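Full structure from sequences and hints, please.
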Amino acid sequence: MKNKSEENSEYWPQFVSLITTETKYLDYFPDHGFITQVPSKEQVMIWLNQDYKAALKQLKPLMLPNQHKRLASKYANYKYNKKNQRSTFTINEVTIARLSKLLKLHGLDNYNELIEYLTQPDQSTQDILKAFANESPESGLTLHDSFKVFQKKLYAEQQNLIQSMLKDTYMQAWKDSKKSSTKSTEEMQNKMDEYLNWLNV
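If you read the sequence shown in our numbering, its first letter stands for residue 140, the second for the next number, and so on.
None of these hints come from the bench; they were simulated from the model. Computed from a prediction, not measured in an experiment: that's the story for all the values here. Hints should not be assumed to be uniformly reliable.
[As the list claims (entries may be wrong)] No more than 27 angstroms apart at the CA atoms, straight line, and that leaves these computed lysine-lysine pairs for DSS-like:
id : residue 1 : residue 2
1  : 306       : 317
2  : 243       : 291
3  : 192       : 221
4  : 240       : 291
Below is the structure:
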């Protein structure tokens, strides 16, 4: 796991490259954002090309407090999104309202799950099962969230069958493990595996 210094060494240059393009530079470094004399872009680039802490320290006495705070905040958000493999996009309120209705309609918890649900192509149950069985899903969802999205693609009867089967498997493994002398978690896992093998799962 990277420490903060290593993270900043990776993400700060990327962030600088992003905010110093022709279309972005004046948004982050407008003339009115400096206290007195406005430095040239070349000079600002020299400061920014230092490490994260040194760059902000150099800019702090030159920029208005709110402008400097905004720069630091934008970088913090950028780093968080990169670390957690998150992206942001802008949509209007009308679309948000429609997505919220779909969220409730399909019983999903968040927009990430909804987008994953909506972008899955219509296909047979067998194809869905094969996709779910992939141990390296590209969605970035947890196992439980992926299963929730998967279930919503099935008919209600199929959902009920799977839920009943899961409950039955758990209860059978629990009962069998209770009979064991060890009564350990490992023993319950073994019993559950045996039961699933018997079902040819």
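The hints, checked one at a time:
At roughly 16 angstroms between alpha-carbon atoms, residue 306 and residue 317 fall within 27 angstroms of each other, so this suggested pair holds. For the hint pairing residue 243 with residue 291, the CA-to-CA distance comes to about 12 angstroms; that is within 27 angstroms, so the pair holds. In summary, the hint linking residue 192 to residue 221 is supported, as the alpha carbons are separated by about 19 angstroms, within the 27 angstroms threshold. Only pairs whose Cα atoms come within 27 angstroms are accepted, and residue 240 paired with residue 291 is accepted, the gap being roughly 15 angstroms.
Of the numbered hints listed earlier, not one is contradicted by the structure.
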